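Chains as they are written, first to last, in the working numbering: chain A, 1 to 266; chain B, 1 to 266.
Worth double-checking, as some hints may not be accurate.
It does not matter which identical chain is used: a pair holds within one copy or between any two.
[To be verified] Below, in silico cross-link-like pairs of lysine-lysine (DSSO-like), each with a Cα-Cα straight-line distance of 30 Å or less: (1) K247 x K47; (2) K157 x K186; (3) K160 x K247; (4) K186 x K247; (5) K63 x K247; (6) K52 x K151; (7) K130 x K247; (8) K226 x K182; (9) K226 x K177; (10) K247 x K177; (11) K189 x K63; (12) K177 x K224; (13) K247 x K189; (14) K157 x K182; (15) K63 x K44; (16) K226 x K186; (17) K226 x K189; (18) K182 x K129; (19) K182 x K247; (20) K224 x K247; (21) K157 x K247; (22) K151 x K130; (23) K44 x K151; (24) K38 x K63; (25) K130 x K186.
No lab work stands behind these hints: they were computed from the structure. Remember, it's a predicted structure, so these values are computed and weren't measured experimentally.
Number of protein chains: 2
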Amino acid sequence: MTLTRREVLGAVGIAAGSCALSSCAMQEKGSFRDGIAKPAYPWKYAKLDPEKTAQRAYAECPKGHCMYGVFASVMTQLAEENGEPYRSFPVDMMRYGAGGVAGWGSLCGAVNGSAALVGLFVDDEDEIKKLVDELFLWYQQTELPQYVPQKAGLDIKMPKTVSNSVLCHVSVTRWCKVTGYKPLSKQRKERCRRLTADAAKKTVEILNAHFSSGSVVVLQHDEKTKQCMSCHVKSSETQPREILTEKTNGKMSCSSCHSSLSDGHV
Amino acid sequence: MTLTRREVLGAVGIAAGSCALSSCAMQEKGSFRDGIAKPAYPWKYAKLDPEKTAQRAYAECPKGHCMYGVFASVMTQLAEENGEPYRSFPVDMMRYGAGGVAGWGSLCGAVNGSAALVGLFVDDEDEIKKLVDELFLWYQQTELPQYVPQKAGLDIKMPKTVSNSVLCHVSVTRWCKVTGYKPLSKQRKERCRRLTADAAKKTVEILNAHFSSGSVVVLQHDEKTKQCMSCHVKSSETQPREILTEKTNGKMSCSSCHSSLSDGHV
Chain A
1 MTLTRREVLG AVGIAAGSCA LSSCAMQEKG SFRDGIAKPA YPWKYAKLDP
51 EKTAQRAYAE CPKGHCMYGV FASVMTQLAE ENGEPYRSFP VDMMRYGAGG
101 VAGWGSLCGA VNGSAALVGL FVDDEDEIKK LVDELFLWYQ QTELPQYVPQ
151 KAGLDIKMPK TVSNSVLCHV SVTRWCKVTG YKPLSKQRKE RCRRLTADAA
201 KKTVEILNAH FSSGSVVVLQ HDEKTKQCMS CHVKSSETQP REILTEKTNG
251 KMSCSSCHSS LSDGHV
Chain B
1 MTLTRREVLG AVGIAAGSCA LSSCAMQEKG SFRDGIAKPA YPWKYAKLDP
51 EKTAQRAYAE CPKGHCMYGV FASVMTQLAE ENGEPYRSFP VDMMRYGAGG
101 VAGWGSLCGA VNGSAALVGL FVDDEDEIKK LVDELFLWYQ QTELPQYVPQ
151 KAGLDIKMPK TVSNSVLCHV SVTRWCKVTG YKPLSKQRKE RCRRLTADAA
201 KKTVEILNAH FSSGSVVVLQ HDEKTKQCMS CHVKSSETQP REILTEKTNG
251 KMSCSSCHSS LSDGHV
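Could you put the whole structure together from the sequences, leaning on the hints where they help?
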């Protein structure tokens, strides 16, 4: 049988329409084009098992490194359960975040991937900030890596360190200084692979909490950083010392770069 | 007329198949699911006009900030020209990168968005590194912002500064120190909006060059950083001073954080 153009487009509409009614989070929004309904934003999150997500991230990491490992751990599970639109997300793009973005040592790729997931599933910008705050504070303050694989890529007793920074360069250097392993060693790569599993697990714990109880705020800045912020951030604009104090932006732990106070401090 | 299930699925196949032959970069890969063909990775890039992209990024920026502005400037143009899969990319997720990721001041959102685009359109990891190197070195070494909007959101004579860093906190603080404007001022916001336009333009220039001539490598690290790297990075492992030198990871300009040399230096 030969279908007319109208019949083909009609059938595509039916297929896409049935999808919109299923659990796959595809929704008709605006006009159809190329026979596909644009998925509604934010994409729907479905509760995932943190431990399984850690295992998945550990397995995925060698295919595309840290950012990819975290992002793919969630997206592949949702794709297996729900199909589209998760299945069509170009997860491979997330390889760009490796080693603090293409080896630059800037933001740790694992938490860049975590934050990207938060941005995909959460619409409200204040909520995104709350969730990323919790994630980044956890990363800065926790002895990592904690994940112990059932079948390790490299079977070693893994030393843990607290990074006091979300930056790849600082996090890796700190671990290398404590352990004596080099940044390009197989031990350091195994460390980041396990840390990728930790970050994926934490991301899912935070998203699970957000979408069930809405409450994820547990951690606070360390005392040193709080002290800096009491004068140097926006909220202090009404303080008496405001005129003497340079205001700044950001929430990273101050002491990881500013190891001593400048002369102006009293 | 009533279509059978087989006829519907057949029609979806035809529609998706015709799309695979068009310029929309949709390709049949693996099995169909939910009636949609998974877009092949890497997604196809089509040459864009750098100046128009800067204008688009400046216009998009207020809707979702820096990372969103850069990413959306490219994706919306490709969607208008080619439809899927560009149209269905959840560009809103990129709001997570604002202010160095949710206000943390880590990696500048504009270049996080640029690097994400590189990751989407370029498959080879060595090529991704080359392109991101060029992009990040440009960001570190160039007086920014350069973009002058035809109709400015805030009409001021805009001071330019060299950031010497890809980190939002450092880049913003340097500009604020030179200009006297505060990090949360409308002038600083206008600065980042114009810088978003600059980063989008540079991204497109680099991608255009990569996909036409394949040659984008122009910039090098500054002399100070080169000197640090001559002992501290991987390539120096065969150097005589290797035993005395701590190896490190990353490519960020060293001097923006390490303002003085430690005692071990001779």
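Against the structure, the hints:
no. : hint        : result
1   : K247 x K47  : neither (40 Å within a copy, 42 Å between copies)
2   : K157 x K186 : within (13 Å within a copy, 51 Å between copies)
3   : K160 x K247 : between (34 Å within a copy, 19 Å between copies)
4   : K186 x K247 : between (42 Å within a copy, 14 Å between copies)
5   : K63 x K247  : between (42 Å within a copy, 26 Å between copies)
6   : K52 x K151  : within (14 Å within a copy, 51 Å between copies)
7   : K130 x K247 : within (22 Å within a copy, 36 Å between copies)
8   : K226 x K182 : between (33 Å within a copy, 20 Å between copies)
9   : K226 x K177 : both (26 Å within a copy, 22 Å between copies)
10  : K247 x K177 : between (32 Å within a copy, 10 Å between copies)
11  : K189 x K63  : within (13 Å within a copy, 38 Å between copies)
12  : K177 x K224 : both (22 Å within a copy, 23 Å between copies)
13  : K247 x K189 : between (38 Å within a copy, 15 Å between copies)
14  : K157 x K182 : within (16 Å within a copy, 48 Å between copies)
15  : K63 x K44   : both (26 Å within a copy, 22 Å between copies)
16  : K226 x K186 : between (37 Å within a copy, 26 Å between copies)
17  : K226 x K189 : between (33 Å within a copy, 25 Å between copies)
18  : K182 x K129 : between (34 Å within a copy, 21 Å between copies)
19  : K182 x K247 : between (37 Å within a copy, 7 Å between copies)
20  : K224 x K247 : both (17 Å within a copy, 29 Å between copies)
21  : K157 x K247 : between (44 Å within a copy, 22 Å between copies)
22  : K151 x K130 : neither (35 Å within a copy, 35 Å between copies)
23  : K44 x K151  : neither (32 Å within a copy, 38 Å between copies)
24  : K38 x K63   : both (29 Å within a copy, 19 Å between copies)
25  : K130 x K186 : between (35 Å within a copy, 24 Å between copies)
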